[in-house]
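One letter stands for each residue in the lines below.
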Amino acid sequence: MDDSMKRLLQRLIRRIPAQMLKTTLDKWGRLTAAQKRSMDFTEPKWALTEKLMAIYEENGWTGKHITELEMTYIIDNPNQGMWYAFQLMDPEDDAHSVELTHFKEHFKSHLSELVRPVSIKIKKHTDEAVWIRIAWGDSFSRPNHLKPTYVVHHLQTPYVFVTSLTSKQKPLLSQALVLSTRHQAIKDANLSGRKLGAIRDLLMRQYQQVFPTNYPSPLAERNETVSNPQIEKEQVKCAENRLQMACEAFGDGVLPQLQSSVYKLETKFKDHSNKTMTEREQPFRCVVKFASTNLLESLRHCASSGIASTPVTPLLSSIPLKGRNYFVITDNGPGPSSQTRQTQN
Amino acid sequence: RLLVSAGVLGHLSRLEVQVRSRKSRPQPQGSRVAELKANAEALRTQAEQLRAEMETHKNLQKLRTSMDRRRTREEDGEEGMDEDSEDSELLRLMARHTQLNDLLYAHHIIGGYNATKTRQGKGLCLSLPTAYDGVFLETYNLEIDVKPALRIARHNIPPFIPLSSLVEQSSMQTDIRTFLDTLSQHLNAFSGRKQQLKLVKELHKSVEVMESNALCSILVLMFTVPKEKTAVLCTLDYTDHTRCLPTRVQFDSEDEALADSPDWNKNRSLLTETPVHKALLAMRKMGNIV
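So the sequences go chain by chain: A and B. Taking our numbering, the leading residue of the first sequence gets 1, the next gets one more, and so forth. Taking our numbering, the leading residue of the second sequence gets 1001, the next gets one more, and so forth.
The following block holds chain B by itself, in its conformation from the complex (with noise of 0.2 Å):
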């Protein structure tokens, strides 16, 4: 591995070279120059954070190699040394790598936005998890390039989110932050209002589903009362995409007095306020409907 770090550096040093030589001569257009020199720069940096690396895995070498050498006489039934400060050092070092693995990971399980790195630099991957009440649903992807300026190249959001409006909105490239905050509410949101019809669906068989949408903003239950068997048509409009409970709940039914009554204006607001799955529960509890 240092031999190959060699050959590079060795070629970053003749460049470098080649560029403070070409300072001296005569410059050909402002603007190839500037390029030139943004190039030097960048070569420069590369350059520097090489040697970094470089040293930090000389360093490590000279430690485990010499680790490994006082193990080797200890077995060997050699007088073992003292704790060695370059022993504990390797150690420590370590021990520190372990601990931010395992906080990356901890970062990665508890739904962070995991950055990789992909492409040599040239491009970005962050996953963007969604969970519903405690548990995790489906993650979605973005592969952003980072070079000229921020785009995204690939993803798997659902078409019905709007993706481009929302990278306009939220100013992605200035503020990347705000834009993924935003996605990821869009994307929370629409997998809770998904598992919330997936539960109405498997929880209450007496309650059928007449129309949904795609983007589950848009909700249409038939429900019958108990005795009199009279229909009640529900619809639960979720026009702020970014919320999992609905703006708006109307019913209709034959019984024309059945929407103002008080049993129903209860039935009104909790479905404005809890996940329709458990107003569903709470009504039929209360014999409001089948």
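Just chain A, same shape as in the assembly (with noise of 0.2 Å):
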């Protein structure tokens, strides 16, 4: 096995916490049943790794396995690194037909036309998710598989997520995206996330929404238990009623984990008290950042007990109502951002 394999075997190796090594090694389905019997999971990883080099070279192997076994991993321990969300735009007329034996071909052709070589792997999980592995090479050296951008995309829907993508890297993934789609352009979505089942959950309405209605509702008859009766009789119908207004705003039950929410103000000054900064001609740059292991529990919760005031500022109910996180303000009133954000480099 060359070195390059060892190294890339060492490393995934390393990256799987032991407690999920086994669970990802019977998913991943390929070592025989003598082979799992003579892995012992109680010794330590180094030893595990110089086992599973042995089994590497006995089954003959190549890079493919390990990218195979890679993407395995990554599938069912998503939550490593930031996922960015991309919305595709303005289908053709065909979109909505794309299968994936059409998408896959034609992504694998696109991408490799464009940038040679490329290793790509796409594989379809069983929640109808497609995942594509790629791993970037270039005129001078081999696709690097250190450093893989992973791609989600459900098909029938405009959504694509995204994890380690360099500036670089990303017109020529767009490009292929949106001609295997069938669409004809992509933008930035302005959603972030450290976990990817909630930014697509949220993107997809995948969580429990609340509209108002005239029949009663289960929130009523969800009452938080009482202290003291006198108190409750006074404050029970504001308090319902900004239950209800938190919960239109952001939903009911659990909600998609979202870690942070940002505002880049480009906005004029206004503080009469402070004529220095009002007299400047050029807007007050500046950035707001609200971040949360839960943000849009905590929002919700700012509502319901008061905090915040009701009914909801759409600038904090622009985050699921427009699923995004990250808003750019001018005086004009909020906007769709002029700039896209940074990808990691």
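In case anyone wonders, no lab produced these hints; they're calculated from the structure. Quick caveat: nothing in here was measured; it's all calculated off a predicted structure. All C-beta atoms in this analysis are idealised placements derived from N, C-alpha and C, irrespective of residue type, glycine included. Just so you know, nobody snuck in bad clues.
Residues from chain A that keep clear of chain B, each with C-beta distances beyond 12 Å, as calculated:
hint	residue
1	Thr42
2	Gly137
3	Ala239
4	Glu266
5	Asp271
6	Glu281
7	Pro283
Here are the computed distance ranges between Cβ atoms for each label pair:
hint	chain 1	residue 1	chain 2	residue 2	range
8	B	His1107	A	Asp94	34 to 44 Å
9	A	His272	B	Arg1051	39 to 49 Å
10	A	Ser309	B	Val1033	34 to 44 Å
11	B	His1107	A	Pro311	22 to 32 Å
12	B	Ser1031	A	Pro314	22 to 32 Å
13	B	Val1033	A	Glu92	47 to 57 Å
14	A	Glu92	B	Thr1182	19 to 29 Å
With a cut-off of at most 27 Å between alpha-carbon atoms, the simulated DSS-like pairs for lysine-lysine come out as follows:
hint	chain 1	residue 1	chain 2	residue 2
15	B	Lys1201	A	Lys27
16	B	Lys1201	A	Lys124
17	A	Lys123	B	Lys1194
18	A	Lys108	A	Lys123
19	B	Lys1058	A	Lys237
20	A	Lys195	A	Lys170
21	B	Lys1266	B	Lys1201
22	B	Lys1117	A	Lys237
23	A	Lys104	A	Lys27
24	B	Lys1201	B	Lys1227
25	A	Lys124	B	Lys1194
26	A	Lys322	B	Lys1117
27	A	Lys123	B	Lys1205
28	B	Lys1198	A	Lys123
29	A	Lys322	B	Lys1122
30	B	Lys1194	A	Lys104
31	A	Lys124	B	Lys1205
32	B	Lys1117	B	Lys1147
33	A	Lys22	A	Lys147
34	A	Lys264	A	Lys322
35	A	Lys147	A	Lys45
36	B	Lys1122	B	Lys1037
37	A	Lys104	B	Lys1201
38	B	Lys1122	A	Lys237
39	B	Lys1147	A	Lys322
40	B	Lys1198	A	Lys124
Combine the two chains into a complex, taking the hints into account.
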């Protein structure tokens, strides 16, 4: 086995936490029963790596197998690094009938035309998500398997989720995606997060949304424990209204886990007690960032407990409504961000 | 409550007086005048509505107090009055109110589009329930801005339903009913196809689902023929997204003659005409698949 493959396998095994190794190998399904038995998962990592390298030689595996194993691991544990959402725009007439084989063939051929050499692996996951792993090479070097890009797309939806993409690679990937999904353009959806499932659920509206209705809503039946009956009687209508408005803005039940929301302000400074700043011609640039382990839950709680005034301000309710967590606000009002964010390098 | 209405009415009357007095003065600009006239008209209608509401409240209050007074007099042992027309009037009103509420609730239960006014009349929220085979499935919602033109503000319709093109095609602005009916068709068909897929997975474990998509418009199944154990790949294309049945059924097998055999022609028409989970049941009974 050549050195680069050895290093790749070593790095991969090192990356997979000990407790996940057994399940990942089982899911991958390439070890024989005897080989599985020979692996003692109580041994230290380095011993397991040695064993796997021996099995690698024994089975005559190639780099393809290692990348396959890596993909199996990432699909099950996608929450590593930042995921960015993109949206495909202006579908052609036949965009809604693009099916898997068509997409796979076209994506592979378009991307290979744009980048050579490139290593592309496409796998359809059980929940209708198409996973793509791309190792980029160029005219001077072979595909770099140590820094692959992962792309997730659900066919017939306009959303694409990407991680580990450099700004150089972005236009190439965009082109390949646009052509193979039969759309005319792709744009940054201004939504990012560490949890793939959360940003996907937010965009695909896979959480419990609440709409105003004349009929008794389940919210009304969910009363919090009454501590003091006197206080409860006075406050109950207000609290119910706040809860209803908070849930209408953010949703009910478990909400997708976003970690942050960023507002980039480019507005004129307005404070009459500070003449120097107010008299400046240029807008005052400032970035406001809200961060939390579960941002949407925190904001909903702010609204329902009265910390944030209700009805919820559109600055906050736009996060779930528009499915984005990056906003640029100018004096003309919050609008689509004219600048795209920097993708990581 | 009467005091509050009086306060609002008083304000409205003052505004009305203002508008009338402004009429006698020279007009500044035509468009501003028209705008103010329209506002005055709207306020006048609102004032009418509020006056009517206030009258109804006053009457109800009168009827209620007289009924209560009568009841307390009866309890105190005084001679009860004869059947008073006012009492039965009130009771009739209450009965009618309950009846209307029940009718609305019945409409809600059988799956009507419930329209709820929101944001003091500036918005309208509609619900679109879906059902298949007598079972209620997902309910989808639309929140619509009413002014200045009808516009969808918020919804929980999945992204693979082409909402914006439906809005254009059905000219939602002029004919919201057609738009809702078409949208409901798409949503019900999608729910139906999704439900069929779920039933296939639950009831037919011997059939393998090779491919499906979020819109449930493509389904690829793997059958096994008993005895020879040949594999047959079945592709169901649901190109008409307003229907729950496929438009095209195709069989692929190593045994090239299989697809044209009379048994499998029958299977093909079965799959085109009956929901897939029921068709599979029939095919298993006939012994065509495992």
